[in-house]
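K.L.:
Produce the complete structure using the sequences and hints provided.
Quick mapping for you: the protein sequence lines, in order, are chains C and D.
To convert, note that position 18 of the first sequence is 68 in our numbering; the numbers rise steadily by one, no gaps.
To convert, note that position 1 of the second sequence is 104 in our numbering; the numbers rise steadily by one, no gaps.
Wrong hints could be hidden among the right ones.
Said to hold, decoys possible - Some but not every residue of chain C turned toward chain D, in silico, with C-beta under 10 Å:
hint	residue
1	Glu-62
2	Asp-71
3	Leu-77
4	Cys-104
5	Glu-109
6	Asp-110
7	Gly-113
8	Ala-116
In short, the hints are calculated from the structure, not lab data.
Quick reminder that beta carbons are idealized off the backbone N, C-alpha and C, glycines included.
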Amino acid sequence: MSDWSELDAFLETDPADVGCDEAMRILHVYVELVVSGEDAAARYPGVASHLRQCGPCGEDFEGLLALVTDPPPEGVGRRLRKKLRGGR
Amino acid sequence: MAGATPEPGLDTESAGWVRRLQARGNDRESAVRDLHDLLQRGARREVRRRCAGTGVSGRELVDLATQAADDATYAVLAKVAQFRGESRFTTWAYRFVVLEVSRKVGRHFWRQPRAELTEEDWNRLPDALGAPPDHVAEVRELSRAVRRAVDDLTDHQRRIFEGAVLQGISLDALAVRYDTTRNALYKTLYDARRKIRASLVAEGYLGDEPSKEVRAHE
Ligand SMILES: [Zn+2]
Chain C
51 MSDWSELDAF LETDPADVGC DEAMRILHVY VELVVSGEDA AARYPGVASH
101 LRQCGPCGED FEGLLALVTD PPPEGVGRRL RKKLRGGR
Chain D
104 MAGATPEPGL DTESAGWVRR LQARGNDRES AVRDLHDLLQ RGARREVRRR
154 CAGTGVSGRE LVDLATQAAD DATYAVLAKV AQFRGESRFT TWAYRFVVLE
204 VSRKVGRHFW RQPRAELTEE DWNRLPDALG APPDHVAEVR ELSRAVRRAV
254 DDLTDHQRRI FEGAVLQGIS LDALAVRYDT TRNALYKTLY DARRKIRASL
304 VAEGYLGDEP SKEVRAHE
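P.N.:
Laid out in structure tokens, this is it:
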């Protein structure tokens, strides 16, 4: 018998799966839990399940995670203007 | 100062953003510029990440990022009063930019799906389903079983399954095509997957228990 685990995983549906809207609604909260090393999946199992199964939402998760983990730096010009303004 | 007092419990930086964005006059203007700048940088990074290897580059890439940053800025400004500090402000704001980039890139790559699927599309099924390449006869048999299961779906489920799985059209692009949302299409696909799996189990191709997969995002 062949290994159909990929097909099986693709067809697998989890009743706990919260769907796209709910997953995207709390994506920022979920991402910060992941970044801080907490067990985000245990806290929000329905979101974890959704991000595993939904390609586009999984991609959005990866995108936000990347921005939060390694935020794009400010340009030199902007840093200078901020300084002149006396901002942080 | 105009505007509501920021939620208690916000970190200093987040509270600063909320206060400045809800101020008036020059303070607000400079805060909006800073916000747009933040989101512009986020959008560029995210567009580059998503478009890596797609051939989209240069002007096109900058345009996508600028549109996403503009729309995300409007969205944040419209919702800043609802920010409750469940995360840092910048994480919350970046979420808008990621969702805008996602939507725009999805639409950008939207191809008009052909009305009818060809035999060639169906021949891609084993690939689309991740079938191991070394069991030709079995793969063919399973493909036929999947095809029978797909034929038993409702028309809508079948159209979405074919578009998303066989033609590889993104859910966001399909949402434009069918004038609906990613969420609604995901539910349609969810039901389709469940039905197809049940049918493959009934025919003895798959076991009753879903195989426990490697858990990503945990
Ligand atoms: Zn989703």
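K.L.:
Against each hint, give a clear statement of whether it holds in the structure.
P.N.:
We went through each hint and held it up to the structure:
1. Glu-62: 4 Å, holds
2. Asp-71: 4 Å, holds
3. Leu-77: 5 Å, holds
4. Cys-104: Interface hint status for Cys-104/C: holds (6 Å vs cutoff 10 Å).
5. Glu-109: Result: holds, 7 Å to nearest chain D Cβ.
6. Asp-110: Check passed: Cβ of Asp-110/C comes within 5 Å of chain D, closer than 10 Å.
7. Gly-113: Constraint on Gly-113/C satisfied, holds at 4 Å.
8. Ala-116: Because about 6 Å separates Ala-116/C from the closest Cβ in chain D, which is inside the 10 Å limit, the hint holds.
The structure shown violates none of the earlier numbered hints.
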